[in-house]
Structures are given as structure tokens and as C-alpha cells.
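Novice: Residue numbers (the working numbering), protein chains in the order written: chain B, 59 to 307; chain P, 59 to 307.
Among the hints, a few may not be true.
Identical copies carry no separate label here, and so any pair may be met within one copy or between two of them.
Claimed, not checked - Cross-link-like lysine to any residue pairs, in silico, SDA-like; alpha carbons within 25 Å at most:
| hint | residue 1 | residue 2 |
| --- | --- | --- |
| 1 | K199 | R289 |
| 2 | K199 | S305 |
| 3 | K199 | E286 |
| 4 | K199 | Q213 |
| 5 | K199 | V242 |
| 6 | K199 | E260 |
| 7 | K199 | L163 |
| 8 | K199 | G307 |
| 9 | K199 | A74 |
| 10 | K199 | R209 |
| 11 | K199 | D245 |
| 12 | K199 | D162 |
| 13 | K199 | V261 |
| 14 | K199 | S88 |
| 15 | K199 | P78 |
| 16 | K199 | P158 |
| 17 | K199 | Q306 |
| 18 | K199 | D233 |
| 19 | K199 | R107 |
| 20 | K199 | R99 |
| 21 | K199 | T290 |
| 22 | K199 | R86 |
| 23 | K199 | G61 |
| 24 | K199 | R257 |
| 25 | K199 | P73 |
| 26 | K199 | S244 |
| 27 | K199 | L97 |
Hints are computed from structural coordinates only; laboratory data are not their basis.
Protein chains: 2
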Amino acid sequence: MSGRLAILGLGPGDPALRTPQVDAALQRASDLVGYGPYLDRVGGARAVRHGSDNGEEIERARLALRLAHEGRAVVVVSSGDAGVFAMASAVFEAIEHGDPAWRDLDVEVMPGVSAMLAAAARLGAPLGHDFCVLSLSDNLKPWELVLRRLRAAAQAGFALALYNPHSRARPWQLDAAFALLREVLSDTVPVAFATAVSRAEEVLAITTLGEARGAQADMRTLVLIGTEATRTIPRDGARPWLYAPRSQG
Amino acid sequence: MSGRLAILGLGPGDPALRTPQVDAALQRASDLVGYGPYLDRVGGARAVRHGSDNGEEIERARLALRLAHEGRAVVVVSSGDAGVFAMASAVFEAIEHGDPAWRDLDVEVMPGVSAMLAAAARLGAPLGHDFCVLSLSDNLKPWELVLRRLRAAAQAGFALALYNPHSRARPWQLDAAFALLREVLSDTVPVAFATAVSRAEEVLAITTLGEARGAQADMRTLVLIGTEATRTIPRDGARPWLYAPRSQG
């Protein structure tokens, strides 16, 4: 008797941005597995909670798979969308290198509103045309590769959504990324820092590439970088809107 | 007395993937503006429906802004997420070039589950690491720019989510894109065609870049292209899972 494993994203924070599919899975679950602060955001569910520290993704994935294999109804909880720099990849990595019986489990990934989509919506439509999504973390890839991807994306005219822009161990990374981008793009290109979007502590800051500073980001920040085509609409007494025009080139 | 304008995404199709925020806005609306088939997906709302053909985005945006300026509670309806190749950019474009009073309207973009996130979830976690999102349409940008962006993204090791892969007027485009990508990537790189995800007529097809053919896509298809790092997990009697490993380079 095989159990079930749902890998889901809670969205950016506000429960009004969480899908009914996700809510139903949380209600059905016997076990919730995830990073502690994410589990704290799940109210009501009567499941056993298996919280863990950040950075223990593969151990967390294996625990979830073992529980599902025992016949439990397991939910792996991510923030945002589970498939974007979150737990879905870790679970499939654990499956590929783990117990062959895990391939027979009923595994379902449930999509969510990702941090980048929530941030873009609060700012206007800065991701309304071609864009790239990039993690700035060099925990699992060489920093040179991060820089190469940044340069390639900016040179080709993609807007950028940067995940993991801030690392306590390497606080210089985001400034290094801005410095590289200033070699490719005009100083006037819009840059937005979207922190804790949709939560009580939400902070949105809009600046330009010339003025952007790494210290404006923390671990809850999504950094959006426009293109030469990105437009800024000023407003009286309100944050400007940013958008990517539909026509490019 | 100024009205309100919400620009929202219904998600990929299944109402279980639509956020409560969006449902509440649809219930509150006095007027719904959108592409006819998307409005048909909205049940229950008692609003006046202003359906239009596809391709009339700016006219549709202006109508919505005029109605909001008259004090109506207007909702502009997109599929997926409103900010990804959808109506949000068109509305801000109309605002920038339209009646200055439109800048004082209460405009809110409400994010949704985008087609790419829904497609990725059904396939595993193919967008679990760095990726680029690109419209293959050359209605509003030169085809040479599409090709340049495709090449830059593939060379830098980004996975790709391709919107608008099929055009009735230019059915050769997707095959031309695959031909270009085969110059940069191995024939074994996984390619997935995700059509009408989460709807009754959903079709998922997984192949390789060497075998991929443009005729496998129609106007409802999202094409996902992996990288040299993308892994395929075979399963007995079931579709394989695709995922992007967390470690790259």
C-alpha cells in the first residue's frame, strides 16, 4: 500500500494568493514536511509537522519519500511555487538516486504563485515580455557561471528576476552582479527590490541600475531588473508603475 | 469619483488553480473585459461582459480604463498570469499613452498560476533551476531577435519556456527554433509539449530536441526545453519525470 506525496507552493505569503488545490492537499495531509518557517504559515491542518532548517533539502526530500512509502499522505511545503528554486527539484533528485520503489509513488507537484510573479504584479508588468529567472546563489554552481548567465541574459535583452540575491556569507555578490550589468546596460535601466511581497512587512523599492545597491536586498527579497525597453510611468504621490512594452526590438 | 481596475489571471484552466483573490475580484466586478474564450471560463459573476477577439489588446485595455474612469469596478481577464505575455503590459501601455487621469485610477494587478508553472508541475521540475521565458511570436518583435535570444539563453545553460510557439500564419517558426537550438544543444536534451494543462483536453508529450517537431504544438501549447543538465527519470507504465538538478556547472 503506497502513499501519496504532494509537493506544493504556498504562494508568496497572503493566503488569498494560495490556490484551492493547495489548501485541499494541506487539509488531507497526514504529514507536512518543510522548512520550519514555511510550516508555521500553514494554519489549521491537523497533520504531523516535520520542520527542518533551511539547506537540508535532500534530507527533507528523503524523509518525505520514506513517509509516503510507508503509506502516509505527505505534503512537502515550499514558499512561492514548488518548482522554482524550491523543493520539487530536491524531491526528484532524491527519487532518482534513492529507493527504486519511490518511482512508483503517487507524486503530484502543485503549482503556486511564485515570488517573481507576485513581485511583478505589485510593480506593474515588468516581466510582461521575455525574461530570465536566475538564482544568484553559488552554493550549487560556480560564481563564474552566475556571471556568465547574467551577462548573456542582459546582452540579449531579457529582463531578469533574481532569486537568492543576498547571502550572509557572501554579501558582495549582488553588488558584483550590478557592476557586471552596468557594463552591459544603461544606468537608467529600472531595478526593483521586492521584499516579503504580500506580507505585512512588504517593502517595495524602485531605483535604477546606476543607483542600485546590494544592501537594499535581504534574504526575503526578489530583485527585478528591467531592460532598455522597460518603461516607468510616474504618478503623483504614488509609486511609479514599471512595465515591459509588448513591442520590442 | 474614480473606479477600480483589476488586471488578473485565471490560471491555466482548472478553477482549483485560481487564487481566492481573483475569485473575490470577479465577484465584486461590475464589468469584465477580456478575450471572449477567457470570459467564458468565468462562471457566476453577474458583471457585464465585454468580450473581444484576440489581438485587440490595446483597444481592450482602453475600454477597461474608460469604464474604470467612469467609476465602474472593472476586471481585465487574462489566462495564466496577467503579467506574463498577457493583458497587464497592454493596460500600462494604454495608460502611458492615454488620458493622464488614468494614472490616478486604482489599478491592481493580481498574479496567477502561469502556464509555464502549471506545465512544469505536471512534468516534474524542469524549471527548477535557471530558466528563460520567451515568446516565439514575431508579431511585435523581429524574428532575428527571437533567434538571438534563443541562442543566448541556450548557450548560457538556461532552460526555456516558450510561449506562443505556434502561429497559423508562420507554422515554420517552431521548427526553425528547434533547428537553431540543435546547433547549440545535444539532440538528447529533453523537450516537452504541454497543451491545455489542467483542462479536460490536456495533452503532455515528452521527447528530445533531436526528435521534436513543430507540428506537436498548437496555440494552446507551452513548449519546455531542458538543458544539458536536465534529468529524465524513467518509470514503469507512466510518463517519465523531468527535473533540473539543484547543482549545476
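Novice: Now tell me if each hint is right for this structure.
Specialist: Hint by hint, here is what the structure shows:
Taking the shortest alpha-carbon separations for K199 and R289, only the inter-copy value of 17 Å comes in at or below 25 Å, while the best intra-copy value is 33 Å. Taking the shortest Cα distances, K199 and S305 sit within 25 Å of each other only across copies (6 Å), while inside one copy they are farther apart (34 Å). When the C-alpha separation of K199 and E286 is checked against a cutoff of 25 Å, the pair qualifies only between copies, where the shortest distance is 14 Å, while the shortest distance within a copy is 28 Å. In the homo-oligomer, the alpha carbons of K199 and Q213 lie at most 25 Å apart both inside one protomer (21 Å) and across protomers (16 Å), since each shortest distance falls under that limit.
Taking the shortest Cα distances, K199 and V242 sit within 25 Å of each other both inside one copy (23 Å) and across copies (21 Å). In this assembly of identical chains, the alpha carbons of K199 and E260 never lie at most 25 Å apart, being 30 Å within a copy and 35 Å across copies at closest. Within a single copy, K199 and L163 get their C-alpha atoms no closer than 30 Å, and across copies no closer than 45 Å, so neither meets the 25 Å cut-off. In this assembly of identical chains, the alpha carbons of K199 and G307 lie at most 25 Å apart only when taken from different copies (5 Å versus 32 Å within one copy).
For a Cα distance limit of 25 Å, the shortest separation of K199 from A74 qualifies neither inside one copy, at 35 Å, nor across copies, at 36 Å. For a Cα distance limit of 25 Å, the shortest separation of K199 from R209 qualifies both inside one copy, at 16 Å, and across copies, at 21 Å. With identical chains, the CA atoms of K199 and D245 are at most 25 Å apart between copies only, with a shortest distance of 24 Å across copies and 28 Å within one. Taking identical chains as interchangeable, the C-alpha atoms of K199 and D162 are never at most 25 Å apart, the minima being 31 Å within one chain and 45 Å between chains.
Taking the shortest alpha-carbon separations for K199 and V261, neither the intra-copy value of 29 Å nor the inter-copy value of 34 Å comes in at or below 25 Å. Neither within a single protomer nor between protomers do K199 and S88 lie at most 25 Å apart by alpha-carbon distance, with minima of 35 Å and 50 Å respectively. Taking the closest pair of Cα atoms, K199 and P78 never come within 25 Å of each other, the shortest separation being 35 Å inside a single copy and 37 Å across copies. Taking the shortest Cα distances, K199 and P158 never come within 25 Å of each other, neither inside one copy (28 Å) nor across copies (47 Å).
For the homomeric pair K199 and Q306, the shortest alpha-carbon distance between copies (5 Å) is at most 25 Å, but the shortest distance inside one copy (32 Å) is not. Taking the shortest alpha-carbon separations for K199 and D233, only the intra-copy value of 18 Å comes in at or below 25 Å, while the best inter-copy value is 32 Å. Proximity of K199 and R107 under a CA criterion of 25 Å is satisfied in neither setting, with 31 Å inside one chain copy and 50 Å between copies. For the homomeric pair K199 and R99, neither the shortest alpha-carbon distance inside one copy (30 Å) nor that between copies (43 Å) is at most 25 Å.
For a Cα distance limit of 25 Å, the shortest separation of K199 from T290 across copies, 20 Å, qualifies, whereas the shortest one inside one copy, 34 Å, does not. Taking CA atoms no more than 25 Å apart as the test, K199 paired with R86 passes in neither setting, with 37 Å inside one copy and 47 Å between copies. For the homomeric pair K199 and G61, neither the shortest alpha-carbon distance inside one copy (34 Å) nor that between copies (49 Å) is at most 25 Å. When the C-alpha separation of K199 and R257 is checked against a cutoff of 25 Å, the pair qualifies neither within a copy, at 30 Å, nor between copies, at 37 Å.
For the identical chains of this complex, K199 and P73 are neighbours neither inside a copy (33 Å) nor across copies (38 Å), given an alpha-carbon limit of 25 Å. Taking identical chains as interchangeable, the C-alpha atoms of K199 and S244 lie at most 25 Å apart only when they sit on different chains, with a minimum of 21 Å there against 28 Å within one chain. Taking the shortest alpha-carbon separations for K199 and L97, neither the intra-copy value of 28 Å nor the inter-copy value of 44 Å comes in at or below 25 Å.
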